[in-house]
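Student: Heads up: the protein sequence lines correspond to chains C and P, in order. Under our numbering, the first residue of the first sequence is numbered 843, with each subsequent residue one higher. Under our numbering, the first residue of the second sequence is numbered 31, with each subsequent residue one higher.
Hints may contain errors.
Label-pair distances were calculated between CB atoms; the ranges are [as the list claims (entries may be wrong)]:
| # | chain 1 | residue 1 | chain 2 | residue 2 | range |
| --- | --- | --- | --- | --- | --- |
| 1 | P | Glu155 | C | Ser947 | 55 to 61 Å |
| 2 | P | Gly106 | C | Arg1039 | 28 to 34 Å |
| 3 | C | Ser947 | P | Gly141 | 58 to 64 Å |
The set of hints was computed from the structure by calculation and includes no laboratory data. Note that this is a predicted model, so its numbers are computed, not measured. Note that beta-carbon positions come from the ideal geometry of N, C-alpha and C, so glycine has one too.
Each chain is listed here by its residues.
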Amino acid sequence: MSELIVEAPGFLTTVQDLGRPGHAASGVSASGAADPIALTVGNRLVGNDPGAAALEMTMIGGAFRPTADAVVALTGAETGARADRGPVLPWCAISVRAGETITCSALRAGARSYLCIRGGIQVPLLLGSASTHLLTGLGGLSGRALREGDRLPIGAIAPRSPLEYPVDPSAIPSYGLSGPFRLTPGPQGSWFDERARRTLYESDWRVTESCDRMGIRLAGEPVRAMASRELTTEGVPLGAIQVPPAGSPIVLFVEHQTTGGYPKIANVISADLPRLGGLRPRDTIAFQAVSRSQAHALLRAQKEALDAILA
Amino acid sequence: MPRVVEASDRAFLAVFDDAATTAAGRDVRRLFDWLSRDRPAGLVDLHPAYATLLITYDPLRCDPAGLASEIERRAGKVGDRPARETRAFTIPVRYGGLGGPDLEEVSRATGLSVPEVVAAHCGAEYEVAFIGFTPGFPYLSGLPEQLHTSRRGTPRTSVPAGSVAIAGGQAGIYPVRSPGGWNVIGRTELVLFDTEGDGGATLSPGDRVRFEPMRGSA
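Chain C on its own, in the form it takes in the complex:
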């Protein structure tokens, strides 16, 4: 079996696919790619199933060398990737020779990049998924980030031919230029008054250093519930905006704990969840309220645009 050798792991690189949704009742959050759209497109470029396992790189990319001729694609934020023979074009299927190293550098904008390889990364599955859940050390390659010297088995077959042309530049998100994140009301929305809602929707929020696959803590004007009430622990959705007593909102992300006891004022819409994957500390973001039907219309439009690329 051919392998992908890790020559340099980068800042934080893990094996990810589209996660393991459907097991919240066992306390298992879905995990999976922080930017599932970038992963899905990368897989299509190399001819894989949409959910084949790939490498998710964070902030600073790594260096990787296949032991056999391979087809790879780099999607997500730009990594300044180079192979032995020169710069590697992102959002495009690239042939790499056995023993040729692909070196990725620091991401100038955005936070995550994906290296998809034809055949997919083969690691033991947990609950049907290869995704790594770092917080609990489960899944992926031994539940941890990649290290120098790791050897990742690569699958021998893929269902389709690689795409012959790069993704249309107009279809590529502009990492680093984030429009507002759209929100729908959370289950404890009524705990917050008009003043708190104005703070949420009219402030600029700074992404703090506490920004990882579990959650994104924001700094800004404190948001306070009307009364200090205890919330009986309940299940929490991905993208929930929790408001602890101190008033700094936390956006729950792909490795979030499945239950929580803080009130949730709002929730990021499904269509904007992949964009959360592009946030890095010191980014400034804003929020915008939308209705559930607007949220669904945006999701449908996003799916149609993605289907066009994947065809």
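Starting from the structure of chain C, add chain P where the hints point.
Tutor: Chain P only, in chain C's frame:
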């Protein structure tokens, strides 16, 4: 009467009560079982908790308003549903020592001697209210009132797998390593989350749990 609220653009929350009551817990479990067995179109996930059930769906695979109505309809009829079969577990625990670093602190906080803390913890019969937070983690109701303590001031970034812990009026066990703010009083070797093969939690809502001290405990 139960109510169904929007939790996100892809999740509803069925709320039976605002507090953890026996009746709400039973109703949550019945609705969870009913929706698990007879799954409406578009259903992605279910998460029972003390008095609520989180229902996650795919907005592109169903009519959300229709799903909300169906959940509300069933929530109103859970009284007619059969109770689930539950099992009894005895969990062997090595109390104190390296595996139970907070046992002394709990003894101080409660005014009970260490053997009295262990006896009180083992003397109760607990019920699994639900599994959540991290893989396989059981929220156990039934912790004797004399053992109610506050959480640790500073949570640990890593609590070892198998840690048996208490906080507030709750008892639990950390099946896998994770961050945690509860008071760790002992360690069990019993596997509560299967990380090989299919994976999955050992305990289920409604199961009855007792603890027993292993030889060599404090």
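Student: Please go over all the hints and tell whether each is borne out by the structure.
Tutor: Here is what the structure says about each hint:
no.: 1; hint: P:Glu155 to C:Ser947: 55 to 61 Å; verdict: 59 Å, holds
no.: 2; hint: P:Gly106 to C:Arg1039: 28 to 34 Å; verdict: 31 Å, holds
no.: 3; hint: C:Ser947 to P:Gly141: 58 to 64 Å; verdict: 60 Å, holds
No hint from the list above goes unmet by this structure.
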